[in-house]
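Novice: Going down the list, the protein sequences come from chains A and B.
Note that my numbering has the first sequence beginning at 1, numbered continuously upward.
Note that my numbering has the second sequence beginning at 1, numbered continuously upward.
Incorrect hints may have been included.
Claimed, not checked - Distance condition first, Cα-Cα at most 25 Å in a straight line; then the derived PhoX-like pairs of lysine-lysine:
(1) B:Lys77 with A:Lys300
(2) A:Lys300 with A:Lys173
(3) B:Lys42 with A:Lys131
(4) A:Lys224 with B:Lys42
(5) B:Lys42 with A:Lys219
(6) A:Lys125 with B:Lys42
(7) B:Lys185 with A:Lys224
Read the hints as simulated data drawn from the structure, not as lab findings.
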Amino acid sequence: MKKPHSLFYHISVFALAQIAWLLLLGIWIYWYVSNYIIFEKVGDQISPQLIYDGINSIPFIGGIVLLIGISLGMSFIFRHLNVQLRLHKLYDNFIANVTHELKSPLSSIQLYLETLNSRNVPLEKQKEFYKLMLKDSNRLKNLIDSILEISSLDQKNIAHDFHIYNAGDEIIKLSKEAILQFNLPEDSISFEGTANCRFVIDKNALKIVFNNLVDNSIKYNLEKPKINLKMKCGLKKVIIEFTDNGIGLASEDQKKIFNKFHRIYNKDIPSVKGTGLGLYWSKEILKRHGGNITAFSEGKNLGTTFKIELPIYKSSKVRYINKLLRRSKEYEISRK
Amino acid sequence: MNQLLSEKSKILIVEDEETLAVGLEYNLSEEGYETIIAKNGKEALEIFENDRIDLIVLDIMLPFYDGFEITEIVRKKDPQIPILMLTAKTKNEDKLKGLELGVDDYLTKPFHLDELLLRIRGMLKRKTWYKKLTNNISIYKIGLSEINFQNLTCSRDGKDFQLTHSEIMILKYLIDKKGETVSRKELLENVWNISPEVETRTVDIFISRLRKHLEIDPTNPQYIKSVRGIGYIFNE
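In isolation and in its complexed conformation, chain B is listed as follows (with noise of 0.2 Å):
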């Protein structure tokens, strides 16, 4: 089904609960994606290191590095690759945490298989699809920040501030629709690839990351306003 977008990707997933790892390698196996497992935070930034993955599957309380640290690390170097943060941790402000370092999704414990690859492949599908999108534009000007799509950064006042690959996927979608509103809904079906009624959540939280990127006063935003009750909309 998804063969030609799952041969080439080759999953890392670091999880330390060896039975939950297991069951996760023979799925994604299945799916048609490569699969690698560590079991703590040193041999995934080995693993990582050396070989070519294309996305993580990151828990977050794992031995010597946690996840947090792993994704602060993983992004410095690569500000690409998707991750997807499977924790049983439920706390508001893990996922925050996790979502402000840099994490593309984030997913509680105990999970639906189905959830997972969905969310799994939307994430990769939004890579090859962030290539085809960015093959035209390269540097889009909002206000005093510039933003380069070709290496995920923001420039304002002289200082470069790192995008994450889904941050800069909003802002490519909400360019495109300049002057419309876009829903929740909307973003989270076109951009995460996922069911709507998941989370919301996680849209709003994304954009209050880009907010502060981009607007002089995040708290009175010009160009990502809120329109109340239904989404957000684009104007310069």
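Pulled out of the complex, with its shape left as it was, chain A reads as follows (with noise of 0.2 Å):
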């Protein structure tokens, strides 16, 4: 396959498109005025039925602003053209990490069938081996579905099904049923604060924030995951602080980590499992519901703090709420 250009190559071409449309227009400039002093000085003399009015200035000044034009238009594909390049390095750190993901559990599963059918393996053995091939299929079946779930997501059914709830019901709902389905002991995560106002929110996507954010917790975690969860109703906005104890994050991964693709490398734990979209669709969903994500960390082995952000029911956002509310009744008659 063809090697894609680097970036300097990009900023190269660009940097030449840029001199080469600056000396035309120069060149341009140059033509324009030395004709227009030929003009001045012996047009009357050549030819005295033209006269010079200005009006022949508009071509001149229509000619740079089109120039300008297609200037613009050129950073902006040059503008676009780097983020696709940096898509397409995401999306290759993507596949070579489910490529991995993919591979390690097949090599295990791969060398317990060869043993199974090469050796006389005893019986107690045998049952051992056959557990922990389960356990590779149901890894690699999990990772099979969170890709399939990236293109479902992918097709805009990011949340559809929104309605009108208490904020910290919902809340300690949906944190202690992500801490289940880690089975994660029941006092791994604390509460403080309340939340006694609605949000409206999809529960079945709110519901992919919060696992993502414990599964976050427990795989960048060199101890056992202690998850503290502060929430509070603001003026306008539900705030949500979920505080993990874990390997925490370094400046500047804080805002990248929201990247399609972006994965974290910590020397201390280099297998972490994953896919990169984790917390871009935690984002995604977040800012389906008028609210936001951010990550914060103190430094290294400080653990991290994901604020939330929604806006109360009625207090923000009104019109917007209203509208995913409606869609929400629409979609819901259509089904039926």
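Dock chain to chain to rebuild the complex, using the hints, since each chain is given by itself in its own frame.
Specialist: If you want it as structure tokens, here you go:
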């Protein structure tokens, strides 16, 4: 396969293109001004009928505007190309990660199958091997499910079933469900504050967000995960602060972690399983709710805090939230 | 079958995927090897320091120290210990990096059990052969370079380069067949002890490393010359 050109190559082409059009503009101005001077000096003598009336400068100014337009267009294309290049790179990372994730359990399953096929394995051992194979096939299943989930989410199905709930009750419920889903003991999460206000959410979509946060607090942790969840109702927003005791986040990663396919590499935990899409989708889901998510960390091994903000019903983004509710109703009716 | 060879051999399995490590341990034990598992780089280096290890099966992505770092540390202390890299990383640059750092063999996941066992057997055999082969030869001069078969070093212009076990075995094989064309297939069968269908690129990587140490101009080799489409020929 042809190797994509480097960023340096694109920058060089862009710079050369800019130099080319600036040169063209310079030559053009020079040509125009020199002709104008000649015309001023000898125009009357050559053809007295031609009278300069100032309207001739319109094509000149128009030309400059057009050239500036071309330049802006080129800058826009350049910017777009760079975004594509970055995405391409990240997509390569994603493929490499997924391939690695698929290969590890697959090689283990293959090893056990070949062992069972070629050796006289005692019954006890056989049972142990079957268990390990099941564990690996589950891992494969989960990975395939998450890849399939990506494609379904990609079709703008992020969230569609919006209803009004009491914020505090739902936050506790969803986070407890996530804890259960990952087989963590109940006391691994503690709650602080109350959120006695209403918000509009798609429960299933928000469940994905909480599952992702709990999953990350397990994966990016050298110890047993401990989660603290603070919640409160502000004037316009419900604020949830989800803090774990994990490895923390470097300052340069605090924004990047929400980018598509972005993954953090930590030397102490190099084999973290994942696709680099969990937090990207969490952010997309919250955006769809009219909310936002940001991450903050005090530093290495000092845990990470994810701050989620969601609009309070009838206090913020009223029109947008009403539109979500209306569409949900329409969606429900269309399904019936 | 390989009882004589394997009964004393202790293999360190450095693998953080628990399910895979258990399967490897079972199979290697069944083959008569003694095994020990390290789940991360730190553990692996501790075991290597404190235990007598005959061969290391090494993953790349490991906590604390990755497979490449472990190879570098191990190679500084013991140039002779055979290292087999077993990893899901299939990129050529990873493979090259591993081999350049001194890994003897590289196998990608998923792998066939038979192939893994064959490679391990081959590596351990090479280790034993090496001792026998180098009993009657300790120092050999090639141009400006001096090869010490006892401590696996190559000296040139007052500088010492550490050679790996596999590199020295190839060199020994080529010296023994001086003036004859040696095919890649032959090298794979006799030096690596593996099926020639498996990998021929590995041979080229090792030859290019040897040229770096022996040749004045590795791009225009004088001693280890390529024979197009076949393999290599050693001449002085």
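Novice: Now look at each hint and say whether the structure bears it out.
Specialist: Now for the hints, and whether the structure bears them out:
1. B:Lys77 with A:Lys300: It is violated: about 32 Å lies between the C-alpha atoms, which goes past 25 Å.
2. A:Lys300 with A:Lys173: Outside the cut-off at roughly 30 Å; violated.
3. B:Lys42 with A:Lys131: Violated: B:Lys42 and A:Lys131 sit about 29 Å apart, past 25 Å.
4. A:Lys224 with B:Lys42: holds (20 Å)
5. B:Lys42 with A:Lys219: Holds, at roughly 20 Å.
6. A:Lys125 with B:Lys42: Outside the cut-off at roughly 29 Å; violated.
7. B:Lys185 with A:Lys224: Roughly 52 Å between the alpha carbons, so the hint for B:Lys185 and A:Lys224 is violated.
Checked against the numbered hints given earlier, the structure breaks hints 1, 2, 3, 6 and 7 and satisfies all the rest.
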